[in-house]
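First to last, the sequence lines map onto chains P and B.
So for the first sequence, the working numbering puts the first residue at 5; every next one is plus one.
So for the second sequence, the working numbering puts the first residue at 90; every next one is plus one.
I should point out that these hints are in silico values taken from the structure, not numbers from a laboratory.
Careful, some of the hints might be misleading.
[Claimed, not checked] Below, in silico cross-link-like pairs of lysine-lysine (DSBU-like), each with a Cα-Cα straight-line distance of 35 Å or less:
id, chain 1, residue 1, chain 2, residue 2
1, B, K156, B, K145
2, P, K15, B, K156
3, B, K157, B, K145
4, B, K159, B, K125
5, P, K18, P, K61
6, P, K75, P, K18
7, P, K15, P, K75
8, P, K61, B, K156
9, B, K145, B, K159
10, P, K61, B, K157
11, B, K125, B, K156
12, P, K75, P, K61
13, P, K18, B, K156
14, B, K125, P, K61
15, B, K159, P, K15
16, B, K157, P, K18
17, B, K125, B, K145
18, P, K61, P, K15
19, B, K157, B, K125
20, B, K159, P, K75
Listed below are the residues making up each chain.
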Amino acid sequence: DTGVSQDPRHKITKRGQNVTFRCDPISEHNRLYWYRQTLGQGPEFLTYFQNEAQLEKSRLLSDRFSAERPKGSFSTLEIQRTEQGDSAMYLCASSRLGGQGRDEQFFGPGTRLTVL
Amino acid sequence: GEDVEQSLFLSVREGDSSVINCTYTDSSSTYLYWYKQEPGAGLQLLTYIFSNMDMKQDQRLTVLLNKKDKHLSLRIADTQTGDSAIYFCAERRGFGNEKLTFGTGTRLTIIP
Numbered sequence: 005d006t007g008v009s010q011d012p013r014h015k016i017t018k019r020g021q022n023v024t025f026r027c028d029p030i031s032e033h034n035r036l037y038w039y040r041q042t043l044g045q046g047p048e049f050l051t052y053f054q055n056e057a058q059l060e061k062s063r064l065l066s067d068r069f070s071a072e073r074p075k076g077s078f079s080t081l082e083i084q085r086t087e088q089g090d091s092a093m094y095l096c097a098s099s100r101l102g103g104q105g106r107d108e109q110f111f112g113p114g115t116r117l118t119v120l
Numbered sequence: 090g091e092d093v094e095q096s097l098f099l100s101v102r103e104g105d106s107s108v109i110n111c112t113y114t115d116s117s118s119t120y121l122y123w124y125k126q127e128p129g130a131g132l133q134l135l136t137y138i139f140s141n142m143d144m145k146q147d148q149r150l151t152v153l154l155n156k157k158d159k160h161l162s163l164r165i166a167d168t169q170t171g172d173s174a175i176y177f178c179a180e181r182r183g184f185g186n187e188k189l190t191f192g193t194g195t196r197l198t199i200i201p
């Protein structure tokens, strides 16, 4: 499978714990995005990377959230001191920087986080 | 997603055409997208249209864009049970602005 992959698919944690999610983009894609989707809503943008540089962060990304893409390939999203309001599906997407298909964002299956 | 609006539900008889509508507010939007989401799954890119186009057709899918009214629609011809899903429209606002802003989604139900 050469699509976007995410790990884990499901995470249940207790309030106050830290969690980390991983995203592996499509291999030739330079751009990587994180979105959050709550029940009954469309995805909301969190942040995006071009190679290893984090170029934009949403105001939704509080200081408890941090994202990294250290080598310009996979990315991690960490949430510290989780709260019940963090329960959501966290979606990763990737796209090319240029050339054919540069305007297409392809999504992974998501990581569903439940905070008890 | 509050700037991109969609009806929440649509029911269509199998074999009929489905038309899913979307309105957006930012006239500087460059690309408009349609994604499909099945239960428990991520989003599947169906099609997208550049803002200087009026129409795009791809097999059973037809996208119509009315830029003056900021209205986008997705027509699915010969709707099948496998088309049951939530459909999201999304806009990308301006070159160099890479994030997508999504609507709340339209749940399409197929009546046998």
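*Which numbered hints does this structure break?*
Going through the list in order, the structure violates hints 2, 13, 15, 16, 20 and respects the others.
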